[in-house]
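Chain A is fixed; fit chain B onto it per the hints.
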Amino acid sequence: MTKIRSYGPAIAIFVGGLALWELTVRLFNIQGFILPAPTAILAAFAAETSTLWRAGLATFLSAVSGLAVGTAAGVLAGMAASRFTLIRDGAMPLAIAANSTPIIVLAPVANAWFGLTSPIGTVVVVAVLVFFPVMINLVRGLLSAEAQELELMASYAATRGTTLRKLRLPAALPYFFSAMKIASALALIGAIIKEYFGGPQERLGQYITLKAGLFQFEEAWAAILLASAFGIAMYGLILFVERKAMPWHVSVRS
Amino acid sequence: MTPTISLDNVSMVFGSGTDAVKALEDIDLAVQPGEFVSLIGPSGCGKSTMLRVIGDLISPTEGIPHVNGKSPHQARLDRDYGMVFQSATLLDWRTVLENVALPLEIMGVDRPERDATGRRMLDLVQLDGFANHYPWQLSGGMQQRVSIARALSFQPSILLMDEPFGALDEMTRERMQMELLRIWEETETTVLFVTHSIAEAVFLSTRVIVMSPRPGRIVDHIDIDLPQPRGFDTREHQRFFELITVVREALRAIENESP
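Taken in sequence, the protein lines are chains A and B. Using the numbering used here, the first residue of the first sequence is number 1, and each one after it goes up by one. Using the numbering used here, the first residue of the second sequence is number 1001, and each one after it goes up by one.
Pulled out of the complex, with its shape left as it was, chain A reads as follows (with noise of 0.2 Å):
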């Protein structure tokens, strides 16, 4: 009941926005290729639900894939970079600085690297773009643990791998999660602004192309509405993991 309530709102304003919409295309008579009608992208999305669906789920596993991929090695690097002075010195400067800028125009010339057909490219753009901030984020966490809690596992003769295990992974848990919430939308804009430049055939960011060059906005429209679920889809997965590991934190605690 109380979870009903406390979504009440929301889901209001998603349907009262969603009417708004819909009176709106209606009232002015507004052009499919400016604004599609909900209804209109409901009925263009049953229409090709087949093809959307095996477009957006490889289009989700590539983003998923480069996900993985991204995140294991920020994770890595940033465990290196918190354990080494030297490489910390060195590389948190450039991956500051990386993270700056917009990687994702390597998204054309990844064609290039991996040839236009090949997943790779995709897989590897969203690594890229995953990359910098998990391993930022992880430093940042790992390097979060008090000077008294350090104290505190030194006067235990805690090993060096005892006190990352018992002390640093633990405290960096809401870094990493942080930063996921982020990777995780970056993996999917990446994975579909990459496929606006080719790729694989079948891909959402394809079809999205392809749809609006021959004016079917609706059908456009349609995969929009498929990868927001996707994205959403992932959000809600990450935010259900954070809970199971770290209940114990100020954000998530009842």
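The set of hints was computed from the structure by calculation and includes no laboratory data. Model, not experiment: these values are computed from the prediction. Think of the CB as a built atom: it goes at the ideal place given N, C-alpha and C, for glycine as much as any other residue. The reader is advised that the hints may include incorrect statements.
[As the list claims (entries may be wrong)] Only part of the chain B face toward chain A is listed, based on derived beta-carbon distances under 8 Å:
| id | residue |
| --- | --- |
| 1 | Gly-1055 |
| 2 | Leu-1077 |
| 3 | Arg-1079 |
| 4 | Met-1083 |
| 5 | Ser-1087 |
| 6 | Thr-1089 |
| 7 | Leu-1091 |
| 8 | Pro-1103 |
| 9 | Phe-1130 |
| 10 | Leu-1138 |
| 11 | Phe-1241 |
Okay, now just chain B, sitting in the frame of chain A:
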């Protein structure tokens, strides 16, 4: 009898050149087994630094400390002491019981044994029933009791306490002092206790060491000859007030000396 803790001519300088700060100068100290020694003095007199030197959390620039006849480093590796800080320093992601059992876990004690010991320690600080709570669900006083239970869990022969009750309200503080004395008697540990409070030092200790700041030096040893065990009556004892006056005057003498 070898002293539990001994410092010979220990000095500690932080920084170098013109920025150098002499935190400790020519410290000589011997603490006998079973003693309860308090360090008192104004801020910057090196009380906490001394505790950290003894605990091998920092190394002195000069002099030789011994803990149980060993180097502080060896004593730390042998887990000869338990440390209690001003803030409880509990790990948020561990339950109360898991926090208390942390040292045992690091020492490789198996689960059933460390749970049993952890629960016994929680009994000792009267927190049985809170084993599965998380630190944030506890008041400040309860958190500090958990940290004392944690320090005792592996039965170290020495307790190093850095203003452990500094952040507590007066009522909680007095209750905790009684509990600490009870534990001290039961476990026969040697306690080195840093405090800002004259009354606390006199009430708890067998000996009070008065320190002066910049550079940190020992200026006085005051034996506290109040009868044991201490209790609520102790605070109304004529001798209690006399000793408070003695410590206060020793501290005032420092103030008048320093420019």
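These are the hints, each one checked on the structure:
1. Gly-1055: holds (6 Å)
2. Leu-1077: holds (5 Å)
3. Arg-1079: With Cβ-Cβ at 6 Å, under 8 Å, it holds.
4. Met-1083: holds (4 Å)
5. Ser-1087: With Cβ-Cβ at 7 Å, under 8 Å, it holds.
6. Thr-1089: holds (5 Å)
7. Leu-1091: With Cβ-Cβ at 7 Å, under 8 Å, it holds.
8. Pro-1103: Given a least distance of 5 Å, the restraint on B/Pro-1103 holds.
9. Phe-1130: violated (15 Å)
10. Leu-1138: violated (13 Å)
11. Phe-1241: Result: violated, 35 Å to nearest chain A Cβ.
In this structure, the hints that do not hold are numbers 9, 10 and 11, in rising order.
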